[in-house]
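Q: Once you've looked at the hints, dock chain B against the given chain A.
If you read the sequences in order, they're chains A and B. Positions 11 to 122 (the numbering used here) are the ones given, in order, by the first sequence. Positions 439 to 548 (the numbering used here) are the ones given, in order, by the second sequence.
If a hint is listed, it holds; no wrong ones were tucked in.
In silico DMTMM-like cross-links for lysine to aspartate or glutamate, where the CA-CA straight-line distance does not exceed 25 Å: (1) A/K67 x B/E439; (2) A/K28 x A/D66; (3) B/K494 x A/E110; (4) A/K67 x A/E89; (5) A/K81 x A/E110; (6) B/K441 x A/E72; (7) B/K441 x A/E110; (8) B/K441 x A/D66; (9) A/K67 x B/E443; (10) B/K479 x A/D48; (11) A/K28 x A/E72; (12) B/K441 x A/D69; (13) A/K81 x A/E40; (14) B/K494 x B/D468; (15) B/K441 x A/D48; (16) B/K506 x B/D468; (17) A/K81 x B/E482; (18) B/K506 x A/E110; (19) A/K75 x A/E63; (20) B/K479 x B/D520; (21) B/K479 x A/E110; (22) B/K494 x B/D504; (23) A/K79 x A/E89; (24) A/K27 x A/E89; (25) B/K479 x A/D69; (26) A/K67 x B/D468; (27) A/K75 x B/E439; (28) B/K479 x A/E11.
To be clear, the hints were calculated from the coordinates, so they are not data collected in a lab.
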Amino acid sequence: EAQVTQNPRYLITVTGKKLTVTCSQNMNHEYMSWYRQDPGLGLRQIYYSMNVEVTDKGDVPEGYKVSRKEKRNFPLILESPSPNQTSLYFCASSLWMNTEAFFGQGTRLTVV
Amino acid sequence: ELKVEQNPLFLSMQEGKNYTIYCNYSTTSDRLYWYRQDPGKSLESLFVLLSNGAVKQEGRLMASLDTKARLSTLHITAAVHDLSATYFCAVTGTASKLTFGTGTRLQVTL
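Pulled out of the complex, with its shape left as it was, chain B reads as follows:
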């Protein structure tokens, strides 16, 4: 059974600082997704990572995938308040459904 763990579960950081959210998964997977959820809202797709070494960037967020280590990271550069949200990673294999991590709640303070 595929298990997905995110660390940390909660992150409070100051504006302008850098930080990384980690997503570990337990079995071989060939696709990994990152989603963002604002409070009380739906999930919005951020990144799709399809191969080992894949790196995607959008604004202050950069996601990477290391399939050998079964690890994905979401790096936040120079955080701003607008990035405050909950971030989920989701992992799937060739013939398996998406399995979500428990989420990382990010709070960016002034």
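So here's chain A without its partners, still in its complex pose:
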């Protein structure tokens, strides 16, 4: 089954404790991206990747890192999480930048 898989689904952590949210897709898509969703603000892109070893900032990249060492995986790293990063995070993949995006199940992150 074609899918985008994120883990974990829920995470509560403390300020400053490094964490990684994993994302994997099995559709051989070139393009992957991370979004955060906050009430009233819709979906905002954090980082994106057009291919292996090619990543770039989205609209709200501060406080996040990503890597794309393999085509299928695109982890999101928060080196020193802060409470303002409490949000619902989605990973998405698509064949190209401007084609239909397929979303993971979401990760609800709470930073206390």
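A: Relative to the frame of chain A, chain B by itself:
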């Protein structure tokens, strides 16, 4: 910079009624997508509109695209409770990423 606006942001409607959600975007675009999101869930693709005048229908939902007016509509016919969700449009150009609208939260009441 591409901007996408949806109207209304919140819509409460009775079962059986018809209504339309509007998606306006600011610059030339050649693709538009509609997504549905149930509370706490992921986004599910509903429609892909690729050309001016495109119309797609699925059950009680019909989406259309007018690229000259930079407008897409999502029309709901005879709403039922199961359609309660948040609906997003997303727009992209030839060499640009998807930009999402802020979403329309639809609540269908009995």
